Each structure stands twice: as C-alpha cells, then as structure tokens.
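Engineer: Generate coordinates for the entire structure from the input sequences, incorporating the hints supplied.
Protein chains in written order, with the numbering used here: chain A, 1 to 509; chain B, 1 to 207.
Everything labelled a hint here was simulated from the structure, so no lab data went into it. This structure is a prediction, so every number in the text was calculated from the model and none was measured. Keep in mind that a hint or two might mislead.
Derived DEER-like restraints, expressed as beta-carbon distance ranges [said to hold, decoys possible]:
| id | chain 1 | residue 1 | chain 2 | residue 2 | range |
| --- | --- | --- | --- | --- | --- |
| 1 | B | K101 | A | V192 | 24 to 32 Å |
| 2 | B | K101 | A | E204 | 34 to 42 Å |
| 3 | B | R29 | A | K231 | 30 to 38 Å |
| 4 | A | F200 | B | L113 | 26 to 34 Å |
| 5 | A | I353 | B | N127 | 49 to 57 Å |
| 6 | B | N127 | A | F200 | 24 to 32 Å |
| 7 | A | V460 | B | C65 | 45 to 53 Å |
| 8 | A | N292 | B | C65 | 52 to 60 Å |
| 9 | A | I59 | B | C65 | 32 to 40 Å |
| 10 | A | N60 | B | L175 | 23 to 31 Å |
| 11 | B | L115 | A | P391 | 28 to 36 Å |
| 12 | A | N60 | B | A205 | 30 to 38 Å |
| 13 | B | L115 | A | F200 | 22 to 30 Å |
Residues from chain B that keep clear of chain A, each with C-beta distances beyond 12 Å, as calculated [claimed, not checked]:
| id | residue |
| --- | --- |
| 14 | L26 |
| 15 | Q38 |
| 16 | I105 |
| 17 | L117 |
| 18 | F118 |
| 19 | A122 |
| 20 | K124 |
| 21 | Y145 |
| 22 | R150 |
| 23 | L152 |
| 24 | V153 |
| 25 | D197 |
| 26 | M199 |
| 27 | I201 |
| 28 | L202 |
We treat Cβ as the ideally placed atom computed from N, Cα and C, and that holds for glycine.
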Amino acid sequence: MFILERIYDFYLTVFNLATNIETMLLLFGSTILGIIFGALPGLTATLGVGLLTTLTYGINTSEAMVVLLGMYVGAVYGGSYGSILVNIPGTPAAAATALDGYPLACKGEGGTALGITTTSSFIGTMVGMFFLAIFAPLVASLALQFTSFEFFLLAFFGIMISGGLTGQDLVYKGWISGMIGLFLSLIGRDHVQYFPRFTFGITELDGGLEIVPVLIGAFGIPQIIQVIRDKLSVGEAKTFQRVLPEWGIIFRNIKTIVRSALIGVGIGAVPGVGEDVAAWVSYGTAKKVSKNPENFGKGVYEGVIACETANNACIGGAIIPLLTLGIPGSPPAAMLLGALLIHNIAPGPMLSIDHPHFITEMTAILCLASFAMFICGLVLARQVVKVLRIPPCVFMPIVLFLCIIGSYALGMKVFNLYLMVPIGILAYVMQSMEYPIAPLVIGVILGPMADENLRRALMVSQGSFLPFFQRPVAMILLFVIVWLFVSQTPVYKRFTAWLKRKYGSSDYI
Amino acid sequence: MNVWFVSSGLMPVFIGGLITIMGIILCHRSIKDGGASQFFQDFSLRKQDSSGEKLRLFALLLVICSYVYLFTPRIDFFLGTILCQVVFISFFYFDRQDLLKKLSIFYLIGCLLFLGLFMMKADKQLNKYSPYFMDVLVLIFFIAYIVYCRVLVRGDGILKKKLKITVITSIVPPLLIISSFKYLLLIPLPVEGAFIDVMNILRYAFH
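Structural biologist: Here you go:
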C-alpha cells in the first residue's frame, strides 16, 4: 500500500507540474539554455547550474528546482553536440562521446549519432530517476540511524574517494586538493563555540566562505582562463540531416544501455566523481566486453550509446546522496546543494521528515526534464548547432560577467567577488599542476559537516575514539578509508604485484 | 569545560597534519622521479617557451582583477562592465599578438591612473564637484580605448568588422542582463552611478 501510495504521489506530482504552463515554460526554457550551455565548449553543467542558481533566488523552491534540473539535464546532454560535430566536447562528460561520435559524423551519420545520443540520454536520465525514486527513501531511512561518528566518517570518506577517483596524476594530489577544500571550509567562526578561525580580523570572513561564489570561482574562472589562454577555436561543424530517435539501433544495443545506465547510477552515487568518470568507465567497459573492440574509435554506435547513457544516468545517481546524506555525488550536484541551502532546504536524513514530499517532487521534475531534453534535442538540434559558430573569445567575457554578477547577487556583497577571484586563480593553478578541483569543492561543502560531527562525537564519547570501532557502519567506513590510504602505499602495491605474479601465471591454471 | 576535544583548533590540526604527511609523500615521490634538477630543467624550458601564452594570461588576469577590484566597487556597474567587456573581447577577438600587447599596455596605463586616483582618495574629492565625476572620467577612458582600437585596426576590413562586433557585444548583453537583475529580480547593483540612474529615469518615467 505504501508503495502504491508513493507511485500515486509521483504521478500526481508529474501531472500537477505538467499541467502548469508557467512550470513547463521554465522547464523547456532552462533545458534549451542547458543544451546551449553544454554545446558551447568551455561551459560546463556545473557553471550553468551555478549561474542559474542566482536567477532562481526570487522564485519558489519548486520552480527553482525545475529550472536547475532542466539546466543540469540539458547541459550534460548538450555536450555531445560539440563532441560529434566538431570533435570538441562541450562538457567533460561528453569527452568520451567524441571518440566514436566524430568519426560517425565524418562518415555522414551525424544526424544518426545525434539521434542516438538524444535517445540514450533520455533513457539514461529515466533510469537514474528510477533509482532515485527507489533508493533515496531507503538511504534516507538508513541515514536516520547514523550518529555524529558515522557522519564524520562519511564526510571524510566522500573527500577521500573523490580525491582518489578524480585525480589524473597521483592520488595524493586529489587528497591534498580535498584537504585544501576542508581547510577553506574552516575559515570563519566555528559552529560549536563561535571562535574565529583564520579570519585575520576581517569581519566579512566571520560567516565563512559562501559556497556558491566559491563554486563559481573554482569552476568558472579556471575554465575562462583555460579557454582564452589556449586559444580554443571551434572549427566548422559537420552537417547533418534530420535527427531521429533511432529506436531500432537502441533496441539492438539494449545490453549496452542497461550496463551503462547501471554504471552511471553507481558512479553518480560516489561523492564528487561525476559524469565524466561515468562516461569513460562505461566506454571502457563497453569496449572490453564488445565482440569487436578494434572497431571502437572508428565510429561505432555502441561507443556513443555507452557514454551518453552513463553520463545522463549519473544525474539521478548523484542526486541520491545529495538529498539523503547532504553529500553531492557530482560537481553539478554540489551546485544544486548550494541552491537548496539558499531556498532553506537542508538536504540530509531529516529531509524526508522536514519536507516529506521533496524527494518525490525532485523525481517528478527529473522525469519531466528528461522528456523536455528529448523533445528539444530532436526538434532544435539544427538551431542549437548554430551557437557553435560563436567564437569562444566573444562569449567567454559574457560568462565572466555572469559569474561576477551571479556571485554578487547572492548576498549582495562585493566581498564575495574579492574571494571568488583568488579562489578561481588558485583552482586554475592547481588544475595546471594536475590537482583535481572536484575534491576541493567537496571539501568546502563537507568541511562543516566533518568538523561539527567530529567534535560533537568526541563530546558525547568524552574524547574516546572507541565508538568508531564499536559501531558497525562507522567501522566499515573507517576500514574503507584506511584501505583507500593503504592501497596507495608502495608496500601494498608490491604485495598485490607479487600476488598477481604468483596466482596469475599459467603454471597455476 | 576546557578539554582538547572541544577545541576549535582540533580540525585545523588534523587537516594540517594530513596535508603535511601527504606533502612529504609527494615530495619524496618527486625526488625519486627527478628531484630538484628536473624541476629547474622544466622551469628553464618554460621560460624559453614563447611569451604569447604568458601575455594572454597576463592580459586576462589584468582584465579580471581590474573589473573586480578596481571598477566594480567604485564606478557605475554598467559602465565598469562595458569597459571591461570591450577590453576583454578586443584583447582576444582580434587574435593578433602585436595588437594585444599595445592594447594591454594602453589599458594597464589607464588602470594605474585610476588606481592612483582611488588610492589618493581623489575620487571622493572630485565627486564633491559632481556626483558622476569619476563615471565621466571612466566614460572618457572607454571612448579613448575604442578610438585607439579604431586607429590600430584602420586599413584592415576584417578587424574593423570585429571591432564593431566587439562594441555591440560589449554593450547589448550587459544592458539586457543588468536590466533583468535590477528591474526583474530587484537586486541592487554594487554601485549605481550615472548610467544606472539614467536607466532608472527611463524605466520609471513610463510607469
């Protein structure tokens, strides 16, 4: 009965949203904007969601989520336009799509490739939405059992795993990036004793660093610097005919769709990792299990399907830990967290108690956003492609202006801008030294959670660390964190290499 | 209760310790990989690289920093925005190293002059004569910059067209976005000077 009630609630919410003209206009408008944002190289879904967060400040929470999710879904999908038509991915999530998408366009199958990405993205988003609907309430009810010990370890685990999986170079760089983020979150008066930390007497820092200007600075400024400094130029886009849903090709590759969707949701649920990792892992897996792996990279439909299904399924996966634990599963989800806080919605285990209808509403909005993306993608592809002709050096200054006015508008403090620029430059310097930025952002967001819960936990246990070993979930998290750290040590690597040599050789088959 | 676990410094010590440990591991790894000699070799290779990238980076940082730290807190927001937009776009849209160098020197000199005025608090004195004195000075600088661009690109049809696009793109989008923020979202702008006051007059004249 409870399940039937939830299903009824979901469909009723979808109906209410779909029959509200204002909501539908906002949804389609933000989805189209998201597709354009995603298509333009140098602009990311994270930046799009961050810039729109400011604009949604004055509207009600439901409409704000419609706008932001429309932008998120549209931008993740829109990245495939650049990948397929000019071999320059619009977003990092679409980087893997270029490997097979562009060769397809060169063969004259650009329209087919776009049709496949549109349908795959639609299916991926719907699968993500399905998992959000099923697992979010379960995770939320489990999280209600958590105490300060578990929350501290969860925050720490989020930073460690994000640093471990997003680093291009050594994993220590990802962890250092996460620790720098944690350090930045400590600036201001602490939430337990209100003692100022690292404020240097500057009263504007008493409240700490505001999340949205920090996120806009960390993601926007490095992107602008990189595009302008590297003189990114977009060549002539490949022409294409009509964009059709290509259901026949999709059904012939149903196994790839299912596998990629599951990979996308699974990776989305891991804190801070994001759509780009999901796409690459899915592509790699599809290539590995394919009967003809040598054809990958020359224009196979499977390659495009694997990437686009996974990166859109990741959206639903990333929202699960965001809503239930307050831990964003991807950088755009981190921006969504900022937006939720602005609208006085505190994500976490208490969300289902304080706002019982919220998870259902988000699921319904995600469902409608996927339909909006599907329709806009099929109908407006030829028009959206025209934006690829705009030189990056013309639209990047406008993006800078939007970053500045967006950061200022939240709080109406010029000081936010003073902070945004150095954080942006720091993020750029870190990126150029191959330090990933996602863990820094996760650190800034989870820092207060880690700090408060650690001290609260120690106050409860009177300084004893024993409860970390006595509580089962805390012990599992502690074990995983220690294993993550130990697995990077030379001793462990030598041990696993020895094991592979001993048990992996043909003598033992 | 004065015990270690309620201290505000607990988390900073913990994080500082972790950063130190990981920094030491990273340092050890970098010494194994090549050490200081590799670092100096890379550094000298980078110095030999063409200065084109460095100039672009310098010009970009000049625009961003002047926009945020120099003009936004003191000058009419719309005027400061269109000035920085026209500078930013013209720097990179013309796609010529020699023009970038000349324009960035011109802009840098202008910024230094304004910085001098602001540091001597001359802007407050000048604004006593007229509340829009500094805005007028910046407007003159804006016009001078466009005239200088015009002089630099004369004889080149493609660059003249690019200059036209630059000026239009610098004025129209900020006008639309600032108007939306001011009149639709009702967000007061950082500094509302001459241009914003004119916008207010036009907006409310027909209300």
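Engineer: Hints first: check each against the structure and report whether it holds.
Structural biologist: Going down the list of hints, with the structure as the test:
1. B:K101 - A:V192: 24 to 32 Å: violated (54 Å)
2. B:K101 - A:E204: 34 to 42 Å: For E204 of chain A against K101 of chain B, whose Cβ atoms are near 37 Å apart, the range 34 to 42 Å holds.
3. B:R29 - A:K231: 30 to 38 Å: Given about 33 Å between the Cβ atoms, the range holds.
4. A:F200 - B:L113: 26 to 34 Å: Roughly 31 Å apart at Cβ, these two residues keep to the hinted range, so it holds.
5. A:I353 - B:N127: 49 to 57 Å: Given a distance of about 55 Å, which is inside 49 to 57 Å, the answer is holds.
6. B:N127 - A:F200: 24 to 32 Å: holds (31 Å)
7. A:V460 - B:C65: 45 to 53 Å: holds (47 Å)
8. A:N292 - B:C65: 52 to 60 Å: holds (53 Å)
9. A:I59 - B:C65: 32 to 40 Å: Holds, since I59 of chain A and C65 of chain B (Cβ atoms, about 33 Å apart) stay within the stated range.
10. A:N60 - B:L175: 23 to 31 Å: Cβ of N60 of chain A to Cβ of L175 of chain B: about 28 Å, so the range 23 to 31 Å holds.
11. B:L115 - A:P391: 28 to 36 Å: holds (31 Å)
12. A:N60 - B:A205: 30 to 38 Å: 32 Å Cβ-Cβ, so the 30 to 38 Å window holds.
13. B:L115 - A:F200: 22 to 30 Å: Hint holds: Cβ distance 23 Å, inside 22 to 30 Å.
14. L26: violated (5 Å)
15. Q38: holds (14 Å)
16. I105: holds (18 Å)
17. L117: With a cut-off of 12 Å, L117 of chain B remains clear of chain A, as the shortest Cβ separation is near 19 Å.
18. F118: holds (14 Å)
19. A122: holds (21 Å)
20. K124: Check passes; 17 Å lies beyond 12 Å.
21. Y145: The claim stands: Y145 of chain B keeps its Cβ more than 12 Å from every Cβ of chain A (closest is about 14 Å).
22. R150: R150 of chain B clear of chain A: closest Cβ-Cβ about 19 Å, beyond 12 Å.
23. L152: Check passes; 17 Å lies beyond 12 Å.
24. V153: holds (16 Å)
25. D197: holds (19 Å)
26. M199: M199 of chain B clear of chain A: closest Cβ-Cβ about 15 Å, beyond 12 Å.
27. I201: holds (22 Å)
28. L202: The claim stands: L202 of chain B keeps its Cβ more than 12 Å from every Cβ of chain A (closest is about 20 Å).
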